[in-house]
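If you read the protein sequences in the order shown, they are chains F and R.
Going by our numbering, the final residue of the first sequence carries number 160, and the count climbs one at a time with no gaps.
Going by our numbering, the final residue of the second sequence carries number 1351, and the count climbs one at a time with no gaps.
Incorrect hints may have been included.
Below are the DSBU-like pairs computed for lysine-lysine, each with C-alpha atoms no more than 30 Å apart in a straight line [said to hold, decoys possible]:
1) R:Lys1182 x F:Lys43
2) F:Lys108 x F:Lys43
3) R:Lys1182 x F:Lys108
Derived from the structure by calculation, the hints contain no laboratory data.
None of the values given here were measured: they were computed from a predicted structure.
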Amino acid sequence: MNCLQAKGLWLAVMLFLSGFAQADNMLMSRIPMRAELVLEYVKSSIEEHGYTIAHLQLCDGGMKDFGYESDLYRVVFFGKVDEVRMISSRYPELVSYLPLKIAVIAEKDDTLVTVLNPEALSPFYAEEEIQIQLGRWHSDLVSILEDVRRAIGKRIAAAR
Amino acid sequence: MNAIRLLRLSSLLVLCGLATGAVAAPDGRELYIEHCSACHQIEGQGGIGLPLPAEKLADVSDDYLRKTLRLGRPGRVMPAFQRLSDAQVDAIVGFLRKRTETTERVFSDQPVDGDAGRGQVLYTEHCVKCHGADGSGEGEGTGVTTSRDRSFLVMPSSISNEGFLASAPDGMIQRVIAVGRKWSGMPAFGGAKMTDAEINDVVAYVRSFEQQVEEPEPLEADERPTHVYDSPYDFETTVGNVKAALTGANFRIFPDRLLEQGLTDEFSVNTRQIGIRFCNFSVLFGMLKTEPRLGIVLPCRITIMEREDGSVILTVPNLRVVSRWFNNDELVELWDRMEETFVEIVEEATL
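Excised from the complex, chain F in its bound form (with noise of 0.2 Å):
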């Protein structure tokens, strides 16, 4: 490969990747459908995806044992052993941000599925380990909310 063709190829390279590159700090999905059944698409594809639930946090559940009435607000743990072992043992300040957790939040017959970008830590981190893993973490949780929106539009399609 020559020189002219390198640079093409790393611009083509560029250009596809660039639509990864637009991080916000978070990453939100509107899905039109109950928020129990969203839940349930979000734990399959998070397990699809290689990672182990932890468990469930039933934030709406809590506020009501106190009194304040909540729509369904759930909170799915999830992540992988070998990951948090390798980020407690190298740049325990991240552990604060394990395991990685997704929000599923109703609004009406709507739900909002919700994560934080991991990409919004990166600023924070020269280390290159730290950096492919942040853009690792990205990409799965990108491709959880598309496979579950995904899934729910061919469900919603095949119900018409």
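With chain F fixed as given, assemble chain R onto it according to the hints.
Quick look at chain R alone, frame taken from chain F:
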């Protein structure tokens, strides 16, 4: 041509094809769904973000929409989409126009000739009730579904927001004051209520908010997303001290949860890494009204870890950093205060 060169050329063509497709023909609907619908809803009904009805879009220019996308509303949830290409921004604007079957209303870039001093008097009389003395919009909350004051159809706009002021020309503000916005409950002040000259005075006063913008305290250059503290105590004592300090600060403590719990089997889990999770539900309920997406950083947690050499460290998220990720000034204000509480708790536990 050997196989490797053929593979390289094929990859290049595929990547070029994908890249060209992405750049040449951005799909406004897809971009809207990806970037806007979570807050504004797919049909523009509004949610965390304001509604985007045809009545509103028919009364603004495409330039206003483009600038609003580019600049966002600093501190008011709406992010600045600075990484979208011009073609992508145009595609979103085009999609909004198509969906609402509207065309733009173009305004002059010329500033109006008004007296901000007289305008302030009129503003105080007619506008403060909804928009607040500082133009930030009265009442707590940032959206229309979870947090808005139900006596309003929508949360009053933050007309002192630098993103709004940089997007809206004087002529647009002038028109909104004169004819109102029926869909949002904003009354018309033209005609009997205010003369054209008086409206211009109010516009001049609203424009003067540009000189009064108060931004949240910026982060220190060396501020980190997490605080890490060394504990002078052993693991068990540190855990006990943190719980005692949290109880003293009126937090409810959840059952212990190991960092690796649920990610591996009970025999492999590291029992010397624990998250002390805590909450004050009254405070949380209030905060969720201010920022409905807060769940992605909940619950509050102090993580205590014993290292291989037996030393113990505590890690706590830096709330000043985390709150600024939400682009929500109300949350920043609340969490800057909460951050002080967290620091006090950890200091008490490690004294």
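Hint check results:
no., hint, in the structure
1, R:Lys1182 x F:Lys43, "violated (43 Å)"
2, F:Lys108 x F:Lys43, "holds (21 Å)"
3, R:Lys1182 x F:Lys108, "holds (25 Å)"
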